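> Chains as they are written, first to last, in my numbering: chain X, 1 to 151; chain L, 1001 to 1151; chain S, 2001 to 2151; chain C, 3001 to 3151.
Just so you know, the hints here were simulated from the structure itself, not pulled from any lab data. Among the hints, a few may not be true.
What the hints assert, rightly or not - A few chain S residues facing chain X, derived, Cβ under 8 angstroms:
hint, residue
1, THR2004
2, ILE2023
3, ASP2026
4, GLY2029
5, ASN2032
6, THR2034
7, VAL2117
Unchecked claim - List time: in silico DSS-like cross-link candidates among lysine-lysine, alpha-carbon distance up to 30 angstroms:
hint, chain 1, residue 1, chain 2, residue 2
8, X, LYS141, X, LYS50
9, S, LYS2127, S, LYS2010
10, X, LYS17, C, LYS3109
11, C, LYS3130, S, LYS2127
12, X, LYS109, L, LYS1094
Keep in mind the model is a prediction, meaning the values are calculated, not measured. No residue lacks a Cβ here, since even glycine has one placed at the ideal position from N, Cα and C.
There are 4 protein chains.
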Amino acid sequence: MPHTSPENRKSYVKFVKIPTRWIDNDLYGHVNNTVFYSYFDTAINTYLIKFGNLNIHSGDIIGVCAESHCSYLKAVHFPQELEVGIRVNGLSEKSVRYELGLFNFNTSKAAAQGWFVHVFVNRRNMKPVKIPNKIKTALMKLEAPFNANQN
Amino acid sequence: MPHTSPENRKSYVKFVKIPTRWIDNDLYGHVNNTVFYSYFDTAINTYLIKFGNLNIHSGDIIGVCAESHCSYLKAVHFPQELEVGIRVNGLSEKSVRYELGLFNFNTSKAAAQGWFVHVFVNRRNMKPVKIPNKIKTALMKLEAPFNANQN
Amino acid sequence: MPHTSPENRKSYVKFVKIPTRWIDNDLYGHVNNTVFYSYFDTAINTYLIKFGNLNIHSGDIIGVCAESHCSYLKAVHFPQELEVGIRVNGLSEKSVRYELGLFNFNTSKAAAQGWFVHVFVNRRNMKPVKIPNKIKTALMKLEAPFNANQN
Amino acid sequence: MPHTSPENRKSYVKFVKIPTRWIDNDLYGHVNNTVFYSYFDTAINTYLIKFGNLNIHSGDIIGVCAESHCSYLKAVHFPQELEVGIRVNGLSEKSVRYELGLFNFNTSKAAAQGWFVHVFVNRRNMKPVKIPNKIKTALMKLEAPFNANQN
């Protein structure tokens, strides 16, 4: 049914290593579909903390997920070592759309690919706010060069 | 950014209760985005086991996730009692597309909605196969009446 | 190796229903050992919120886990409906020791049993504090009658 | 209440790196107590697969958890990089008792420590069997030198 073709590593800008865990495998012997999103989530937040100064514990402004999507192209398994590739495609004043690819260590074609929309909000009232400068700068560095995703 | 409007309970055909767990809440105090997919996954498999005779432990034919999507409209929290509404919209020979809505107990508007594509495969070789009759019959019962999703 | 004998339902004071989820099953087809603790955690916090007024979102005093233990006696599986039985055995000024049993719906012998120690702390500085009265009263109601655990 | 004193790195024989994930943090901002066990589980299985030839997908003999325990000494958080130290203390014909310590990268004192008992069973009938030689040899290499845990 889904005829998504796998993207290439080189269409992503940054990579975050994600070793699998025993519990990631479900009854069918593969990493469970829901766990892929926790890889994406981890990769995005790792990047924002490291390069955008995101303070998840006490910052006034946080990113909350408004939409997410994943196409599963090839099963992955514990104990494989995985990597998530990230790029930004859709940066606006208060939100950002990340595109993500999941790769087996040393393979060039994605085992899964998806997207994830963060809306930045005030932590107390959950109302959307402008993306802080430091984060915006970090996000701009993830913007894919023209045609990057035409592999 | 995402301007999805919440669907109504009555546009779904069956409901599965999902009590939340302490661990579902993440650092921001809401059920984490990845956990919504485990609610969908649980609702679908609960239905297939109960009404379609799906044998997850030793059946020859299993359903694997090819694609999934979720729009997050309203935060939910442990210890809320949730319900997942299911309908089928897109049933073909070897795959099915479910549409799902997540509801707080006693509310009529969805807190999140998404879709999920199952491809049925042979458990040994993971090759797509025709959906078994018993499962197909169960899936047909989930097909939304015409216009059901125009609430 | 472990020669723990299963306790009876009647040696627990309160019960919390825990439906299993698809993702709880691991590669071996049983609920994964780590997930049992999330059942215990959920049962304890559900009770404290409901009967002890615990405010997990903004209360000044929270309970943090200092120690936990589980003996696994019989495998459980999704889609079983489970129940956690709770009793208190060890209530002191700043901490409490819960004893927990996991039961299949309608069986009298525990499939797993364990304990869990909560230390109550100030949320900001994580320093131990006296258990608030309202919580203490709720915990006293969980104290097992004499010899309750000699089934 | 629990007066466990933290063990030193050097009382463990092997180490497995465990980067944290966003979802590991719970509402209180720390890695949730149940997640520690998934770190232990991952470390043990990673070692057995790598050094003991454990075939989790189709081997006849698997290790199932009979008992587990954890003492929580110091909170850990995403995005910290953690390591699990392992040693064996209690190797018998059909089962093994691992002792585990969780360490922050570059610290010498454990943030948590626990144990975990594996009983080796026949995958079909779940009856205990003798530990296969290759696994036994790997486990013997984890046995702590005399007094190793008197740090």
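> Using the nearest Cβ pair, does THR2034/S come within less than 8 angstroms of chain X?
OK, holds: THR2034/S within 8 angstroms of chain X, min 6 angstroms.
> May I ask you to test the interface hint for THR2004/S with respect to chain X, counting a Cβ-Cβ separation under 8 angstroms as satisfied?
24 angstroms, violated
> LYS2127/S and LYS2010/S were given as a pair; does the straight-line alpha-carbon distance stay at or below 30 angstroms?
With a Cα-Cα distance of about 36 angstroms, the restraint between LYS2127/S and LYS2010/S is violated, given a limit of 30 angstroms.
> Holds or violated: the hint that GLY2029/S contacts chain X, with Cβ atoms closer than 8 angstroms.
6 angstroms, holds
> Quick one, are LYS109/X and LYS1094/L close enough, alpha carbons at most 30 angstroms?
25 angstroms, holds
> For the pair supplied as a hint, LYS17/X and LYS3109/C, is the alpha-carbon distance within the 30 angstroms limit?
26 angstroms, holds
> What's the verdict on LYS141/X and LYS50/X, does the C-alpha distance respect the 30 angstroms limit or exceed it?
13 angstroms, holds
> Is LYS3130/C close enough to LYS2127/S, meaning Cα to Cα at most 30 angstroms?
47 angstroms, violated
> Identify whether the interface hint at ILE2023/S stands, where standing means a beta carbon of chain X within less than 8 angstroms of its own.
5 angstroms, holds
> Does VAL2117/S pass the interface hint, meaning its C-beta sits closer than 8 angstroms to a C-beta of chain X?
At 24 angstroms from the nearest chain X Cβ, VAL2117/S fails the 8 angstroms test, so the hint is violated.
> When the nearest CB of chain X is found for ASP2026/S, is that gap smaller than 8 angstroms?
6 angstroms, holds
> Is the shortest C-beta separation between ASN2032/S and chain X less than 8 angstroms?
Status holds, d = 5 angstroms.
Violation of the numbered hints given earlier is confined to hints 1, 7, 9 and 11; the remaining hints are satisfied by the structure.
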